[in-house]
Amino acid sequence: MTTAEIYQQLTEVFHEVFEDQSIVPTPNLTASDVEEWDSFNHINLMVAVESRFKIKFKTAELESLRNVGHLVEMIQKKVNGG
Amino acid sequence: MDRLLHLGWLPETQGWTTRLQEARALAPPQALEALIGLANQRIDFLQTVRLDRAVQQLAGQGRELLAAARPVRLAVLGSSTVSHLLPAMRVGALRRRLWVDVYEGPYGTYRQELQEPTSGLRAFAPDVVLICLDAHHLAEREAANAATIAAEMQECWRLGQSLGCVVIQQTALPVLQPLLGNNEHRYPQSPLAIIGSLNARLRELATAAGVHLLAVDAFAAQDGISEWYDEALWHRAKQEVHPRVSHVYGDQVGRLLAAIRGRSHKCLVLDLDNTLWGGVIGDDGMGGIALGQGSAVGEAHLAFQRYALELSRRGVILAVCSKNEEAIALEAFENHPEMLLRRSHLASFVANWDDKASNLRRIAAELNIGLDSLVLADDSPFERNLVRRELPQVAVPELPEDPAGYAPCIAAAGYFECLDVTAEDQERTRQYRANAEREQLRQTVTDTTAYLATLQMELHCRPFDQLGLPRIVQLINKTNQFNLTTQRYTEPEVQAVVGDTSALHLQLRLLDRFGDNGIIAVVIGKLAAAQELRLETWLMSCRVLGRQVEAATLNVLARRAREMGARTLIGIYRPTAKNALVKAHYASLGFELASETAGESTWRLDLDKFKAAEVSMAVVESDS
Chain E
0 MTTAEIYQQL
10 TEVFHEVFED
20 QSIVPTPNLT
30 ASDVEEWDSF
40 NHINLMVAVE
50 SRFKIKFKTA
60 ELESLRNVGH
70 LVEMIQKKVN
80 GG
Chain S
0 MDRLLHLGWL
10 PETQGWTTRL
20 QEARALAPPQ
30 ALEALIGLAN
40 QRIDFLQTVR
50 LDRAVQQLAG
60 QGRELLAAAR
70 PVRLAVLGSS
80 TVSHLLPAMR
90 VGALRRRLWV
100 DVYEGPYGTY
110 RQELQEPTSG
120 LRAFAPDVVL
130 ICLDAHHLAE
140 REAANAATIA
150 AEMQECWRLG
160 QSLGCVVIQQ
170 TALPVLQPLL
180 GNNEHRYPQS
190 PLAIIGSLNA
200 RLRELATAAG
210 VHLLAVDAFA
220 AQDGISEWYD
230 EALWHRAKQE
240 VHPRVSHVYG
250 DQVGRLLAAI
260 RGRSHKCLVL
270 DLDNTLWGGV
280 IGDDGMGGIA
290 LGQGSAVGEA
300 HLAFQRYALE
310 LSRRGVILAV
320 CSKNEEAIAL
330 EAFENHPEML
340 LRRSHLASFV
350 ANWDDKASNL
360 RRIAAELNIG
370 LDSLVLADDS
380 PFERNLVRRE
390 LPQVAVPELP
400 EDPAGYAPCI
410 AAAGYFECLD
420 VTAEDQERTR
430 QYRANAEREQ
440 LRQTVTDTTA
450 YLATLQMELH
460 CRPFDQLGLP
470 RIVQLINKTN
480 QFNLTTQRYT
490 EPEVQAVVGD
500 TSALHLQLRL
510 LDRFGDNGII
520 AVVIGKLAAA
530 QELRLETWLM
540 SCRVLGRQVE
550 AATLNVLARR
560 AREMGARTLI
570 GIYRPTAKNA
580 LVKAHYASLG
590 FELASETAGE
600 STWRLDLDKF
610 KAAEVSMAVV
620 ESDS
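Taken in order, these protein sequences are the chains called E and S.
Under numbering that gives the first Met the number 0, residues 0 to 81 are what the first sequence spells out, in order.
Under numbering that gives the first Met the number 0, residues 0 to 623 are what the second sequence spells out, in order.
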């Protein structure tokens, strides 16, 4: 799966979770940039990402999560078996 | 089939997101209907959250509509994170046309919330308290044991009930790791063993205390504990129930609340060809249908019949609605050796070539129940969709293609969620059969009074008592047609009536030569100023219409009201969508119209002038 494909799918997940079609997940985007990105929606976002990409994050990975770019890197590693 | 619990009985969603956006744009009454429609599709946890958001954002008139529907005020008390379950609870209720206002107690303070007079819970004044405590909190403390924890729970229940609330206790999820293995129970200090024996204890104690259980241990076991609980998520978010099953949890809460409000479905309507048996009886003949031993498909259909029969034994009404020649369809019930269901199990039997929507209307009318009490089990996607479109009030489960999945599908849907089985419930099939026999007798006797005399009726009247309480509460909450005020009462509210010396309360039981009809009518009156007794509730089961029970009841009421010092009876008729049947109830009993505003009418009966009517039954009164 290419980075572009991951961003495309991730955008759909963001729109579903935050119900805001204007959100564009970019590499530097963090929770503090999105008003609806609270702890409740954060958990839902991670569960939705796991189920969309059929992957599972480790506890430490989730704790170290910095921004969307970092999330995409982790997804990419897992889906491409890296 | 493996995902049945995940709303697998609901039809799959098509263009759901678009439809959600369209619903948001509608005017309030249509928007609410559209949102209820979206709740009745197979949605996942995230769609559930989004749907809840849309409902919460219904403005103005939409909110008024919901408020008018008498929302359930639900307080949720947890020992860990439960916030993520609240949207699902609201949607679970919405699916059943029930609106819920939720209060969430601060994390881990359930005891204080119940106890402190100044707590948020007390200020919220809930009708229902749901206590959901996680296994870690319950079993991982020093010297934990099931007896002590259960005693603590009982104290919480007592506090909740003292606030006039119905209490729901979630059972504990067995998410802890075993220390012994298969024989875990032999090590009483094991936290997992403690959860096991705690759940067993809760089941016994809750019944005695009148507390209802939310049995997550049972349905998570069916689904797989690993689907429900994720150790990593517990450490991260203290969510014992995984968000991905939150909609399943919420649906269970929704069906419990519906049952508490007397809104569970009452009647399972069965199709015949490829539903009760394999094949088409009109083409294949009675010998050609697949039913019973000899074929796996036949066994599967038989297993479905067995499930339907068991439901009927505990009070669910069964009916048949089939496109068939009546005589051919009936022949299977009368002569097929493998049939478990017989004609006598069916309260209504409609086999013809009319469309199913018309036939379902006919069945509801014949049984005197609302369309929203019906569940249609039909293998044909065409018929299912037709009925969903024509009669959205009727529940139509998405039966799987394999008949082996029929019973699991109906069971998973929880249409017939039932809190307690009363003696009347178990007698219901027999009562319906007796009704049919009475009908036959009536056709042979033309004069009504003569007919009633042949019934040898006895009306037993007594004040409310503990024994009759479950049936009284059930009748109060589910009777829609013969109900003058449609005033609902919870069990604690009925208890309060029993303790009120200025209240007159009667439960009436009708017996006749065909058997005991059980408690069929309930009256609650309240002595007001000026020697007036105001009838706040008068309701009766439609099964006993046209048998002079109303007049006989009034005779008893009038005498008892006089004994309490009343000189006037005040009757109220409050119209609803379903009770036009009793519009002229008071007029026909000799009451005079006192006033009428906005459809609601008030009626007076002067007790000084009242003369008891002659009735064709013996009246037996008792006082305890």
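Simulated from the structure, these hints should not be mistaken for lab results.
A hint or two may mislead.
[Stated by the list, open to error] Residues from chain S that keep clear of chain E, each with C-beta distances beyond 10 Å, as calculated:
| # | residue |
| --- | --- |
| 1 | Ala26 |
| 2 | Gln40 |
| 3 | Phe44 |
| 4 | Leu45 |
| 5 | Tyr106 |
| 6 | Glu183 |
| 7 | Asp222 |
| 8 | Ala231 |
| 9 | Leu232 |
| 10 | Arg235 |
| 11 | Arg243 |
| 12 | Gly297 |
| 13 | Asp378 |
| 14 | Cys417 |
| 15 | Leu606 |
| 16 | Glu613 |
[Stated by the list, open to error] Some chain E residues judged to face chain S by a derived CB distance under 7 Å, without partners named:
| # | residue |
| --- | --- |
| 17 | Gln8 |
| 18 | Glu11 |
| 19 | Glu15 |
| 20 | Asn43 |
| 21 | Val46 |
| 22 | Ala47 |
| 23 | Ile54 |
Please read these numbers as outputs of a predicted model, since none were measured by experiment.
Just so you know, even glycine gets a beta-carbon here, dropped at the ideal spot from N, CA and C.
Which earlier hints turn out false for this structure, listed by number in ascending order?
Checked against the structure, the hints that fail are numbers 3, 4, 8, 9, 10, 11, 17, 18, 23, while the rest are satisfied.
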